[in-house]
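Starting from the known structure of chain A, arrange chain B on it as the hints suggest.
So the protein lines, in turn, are chains A and B. Going by the working numbering, the first sequence opens with residue 1, and the numbers climb by one from there. Going by the working numbering, the second sequence opens with residue 1, and the numbers climb by one from there.
Please keep in mind that the hints were generated in silico from the structure rather than gathered at the bench. All figures in this text were calculated on a predicted structure; none of them were measured in a lab. Among the clues, some could well be false.
Pairs of lysine to aspartate or glutamate, EDC-like flavour, derived with a Cα cap of 16 Å [to be verified]: (1) B:K111 x B:D17; (2) B:K99 x A:D57; (3) B:K57 x A:E102; (4) B:K59 x A:E102.
In silico contact screen, one side only, chain B against chain A (beta carbon under 8 Å); selected entries [said to hold, decoys possible]: (5) S28; (6) H34; (7) R37; (8) P44; (9) A46; (10) V49; (11) T51; (12) A86; (13) L89; (14) N98; (15) S104; (16) G105.
Ideal Cβ placement from N, Cα and C applies to all residues, glycine included.
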Amino acid sequence: DAGVIQSPRHEVTEMGQEVTLRCKPISGHDYLFWYRQTMMRGLELLIYFNNNVPIDDSGMPEDRFSAKMPNASFSTLKIQPSEPRDSAVYFCASSFKGGFYEQYFGPGTRLTVT
Amino acid sequence: ILNVEQSPQSLHVQEGDSTNFTCSFPSSNFYALHWYRWETAKSPEALFVMTLNGDEKKKGRISATLNTKEGYSYLYIKGSQPEDSATYLCAFKEDNFNKFYFGSGTKLNVKP
Numbered sequence: 001d002a003g004v005i006q007s008p009r010h011e012v013t014e015m016g017q018e019v020t021l022r023c024k025p026i027s028g029h030d031y032l033f034w035y036r037q038t039m040m041r042g043l044e045l046l047i048y049f050n051n052n053v054p055i056d057d058s059g060m061p062e063d064r065f066s067a068k069m070p071n072a073s074f075s076t077l078k079i080q081p082s083e084p085r086d087s088a089v090y091f092c093a094s095s096f097k098g099g100f101y102e103q104y105f106g107p108g109t110r111l112t113v114t
Numbered sequence: 001i002l003n004v005e006q007s008p009q010s011l012h013v014q015e016g017d018s019t020n021f022t023c024s025f026p027s028s029n030f031y032a033l034h035w036y037r038w039e040t041a042k043s044p045e046a047l048f049v050m051t052l053n054g055d056e057k058k059k060g061r062i063s064a065t066l067n068t069k070e071g072y073s074y075l076y077i078k079g080s081q082p083e084d085s086a087t088y089l090c091a092f093k094e095d096n097f098n099k100f101y102f103g104s105g106t107k108l109n110v111k112p
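Isolated chain A (complex conformation) (with noise of 0.2 Å):
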């Protein structure tokens, strides 16, 4: 497998503009999880997914930020408009069910909104 792939890997937008990270989970996997990475608060979850549905997105900072899962193969987040202070590297991860498994990481998109 290819592990989780994430596009772009790097996105440069001006603020105002809508934002659009993709990924796509490791084949077989049933979790999905979003994070941000900033200097001021490290790894943060913003949602997870289970079997393509949104369990908990209680760390989506606004309503500016979505997230979808329309199947098991594929997961967007969105931002809009798009701010400076979303300037980061945003990860996707993936896991088979339950705290047993590990998360498997994708190589992150960073995002630098102007």
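The following block gives chain B in isolation, referenced to the frame of chain A:
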């Protein structure tokens, strides 16, 4: 929000030194603890998944222990090498929820 603390924040050792650091987590409702290794400009990679009190896991020169009753886990590196330089993260999972709480990490720098 659960508090998962790692100490020290950073560590500088010489090649060949052995070292250890700590992850502290709530001692109630424990379900699992994960350790991850995170190299600069890469993504975190799992080292260990620990689920039972008294667990001890080993992978080469790296090992980890778990004490769920007092709420801590230790990560040990024997004979550190420059390639061990990375940030080591722990992640705590509470019972009944699949949400992981990550510590802020211990950044290890091994000088040749």
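These are the hints, each one checked on the structure:
no. : hint           : in the structure
1   : B:K111 x B:D17 : holds, 10 Å
2   : B:K99 x A:D57  : holds, 10 Å
3   : B:K57 x A:E102 : holds, 14 Å
4   : B:K59 x A:E102 : holds, 15 Å
5   : S28            : violated, 15 Å
6   : H34            : holds, 6 Å
7   : R37            : violated, 11 Å
8   : P44            : holds, 5 Å
9   : A46            : holds, 3 Å
10  : V49            : holds, 5 Å
11  : T51            : holds, 6 Å
12  : A86            : violated, 14 Å
13  : L89            : holds, 7 Å
14  : N98            : holds, 6 Å
15  : S104           : holds, 5 Å
16  : G105           : holds, 7 Å
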